[in-house]
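Can you build the whole structure from these sequences, using the hints too?
Residue numbers (mature numbering (1 follows the signal peptide of the UniProt record, and there is no 0)): -23 to -1, 1 to 294.
One thing to keep in mind: the hints can contain errors.
Here are the simulated SDA-like cross-link-like pairs (lysine to any residue), alpha carbons at most 20 Å apart as the crow flies [claimed, not checked]:
no., residue 1, residue 2
1, Lys146, Pro292
2, Lys124, Asn149
3, Lys146, Asp81
4, Lys127, Ala186
5, Lys127, Gly111
6, Lys108, Gly47
7, Lys124, Thr151
8, Lys189, Ser110
9, Lys85, Gly47
10, Lys161, Asp81
11, Lys109, Ile158
12, Lys123, Val217
13, Lys5, Ala38
14, Lys213, Asn114
The hints are simulated quantities; they were obtained by calculation from the structure and are not laboratory data.
In this text the structure is predicted, and so the values were computed from the model without any measurement.
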Amino acid sequence: MFNYKKKAALMSALLFASGAALADYPEKTITLIVGFSAGGGTDVMARNVAPYVEKYLGNNASIVVKNVPGASGQIGITEVAHSDPDGYTIGTYNLPGMMARTLDRDSKYSADSFTYLANIVSDPNVIVTSKKSGITNANEFIEAAKKAPKSITVGMSSLGGDDHLGLTKFQNITNTEYTIIPFKGSSGARTAVMGGHVAAAVLNISEVAAFKDELNVIGVARSKRSEFAPDVKTFKEQGVEFYNGALRGFVAPAGLPIDIELKLLEAFNKAANDPEMLAKMNATANPVEASIGPDFKRLNDELYQLAKQAWETTPWK
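Set out below in structure tokens:
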């Protein structure tokens, strides 16, 4: 199913030659860098997946999560890019955000700075409003902004991420303007809207599924309803052709030894298909849609071109 298997077959001779090194990996703790705060969608995904990657790596593998929030994920992913490519540092990698960081500011990494391991989650955006706002559906959200442009404050986890690009797209589709309030992670944005400190927020379904009683979830940005919130209408059902979301996966630094790369690809592929892991991801409303190795790299390249187009036509900074 996954193209990485073809790569594995082509490298079989090398694996025989380096069999001892492959059998011994990992010999020490692997650090998993998460570029966002604890409790957000990326952090939850990472902590759910890590034990199953440990399981399929074998050798009593241990993966320790290290949260490095800040600069919309740029600080953490830069640390990954500049780490030794020895298999002992990996990191979470969100799209389109990580490629957007190379467009809206100086960055010390590029698409070629990484070994692409696996995308695990495809998480659609939702727009939520405070219970205090009185806004309960998409049409009310749009009309409020048209009556008083920029009067509606909208929280989000970062600038240039899927939520920011999503709101930019939403404004273009609906001819509206909102005031953007960025936070250092989705949990901060969610807390702010729950407390009424901002009127609304653009988040992901995984970040709000457990908080539906405390928020008004006014729409899901996908073509059909989410299994994690089947009672919530899509924007399409409400007359707005708005589709957007986040991809969340894992990378290592470029230059990873091929034997270690293939062992990690195999472990991530098995983890992504583990029934217990899938049940855990479902319990936290993380929609699993795996792309391994080269398939993940192609996704990255495609979304970079989309982000580049958005930056050129509607820059967010």
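Against the structure, the hints come out as follows:
Between lysine 146 and proline 292, the direct Cα distance comes to roughly 11 Å. Compliance with the 20 Å bound is thereby established for this hinted pair. For the hint linking lysine 124 to asparagine 149, the alpha-carbon distance of about 16 Å falls within 20 Å, and the restraint holds. Restraint check for lysine 146 and aspartate 81: satisfied, since their Cα atoms lie roughly 17 Å apart, inside the 20 Å limit. Between lysine 127 and alanine 186 the alpha-carbon distance is near 27 Å, which puts this suggested pair outside the 20 Å criterion.
Simply put, lysine 127 and glycine 111 have alpha-carbon atoms about 17 Å apart, close enough for the 20 Å limit, and the pair holds. With a CA separation close to 29 Å, the supplied pair lysine 108 and glycine 47 exceeds the 20 Å bound. Between lysine 124 and threonine 151 the CA atoms are separated by roughly 13 Å; this keeps the pair inside 20 Å, and the hint holds. Under the criterion of a C-alpha separation no larger than 20 Å, the hint pairing lysine 189 with serine 110 is consistent with the structure, at around 15 Å.
Only pairs whose Cα atoms come within 20 Å are accepted, and lysine 85 paired with glycine 47 is accepted, the gap being roughly 15 Å. Restraint check: the Cα-Cα separation between lysine 161 and aspartate 81 comes to about 17 Å, which is no more than 20 Å; the hinted pair holds. Annotation: proposed proximity of lysine 109 to isoleucine 158 holds, straight-line Cα distance about 18 Å (limit 20 Å). Restraint check for lysine 123 and valine 217: the C-alpha separation of about 15 Å stays at or below 20 Å, so the hint holds.
Distance restraint check for lysine 5 and alanine 38: the Cα-Cα separation of roughly 7 Å lies within the 20 Å cut-off, and the hinted pair is therefore satisfied. Between lysine 213 and asparagine 114 the alpha-carbon distance is near 12 Å, which keeps this suggested pair within the 20 Å criterion.
Hints 4 and 6 from the earlier list are contradicted by this structure; the remaining hints agree with it.
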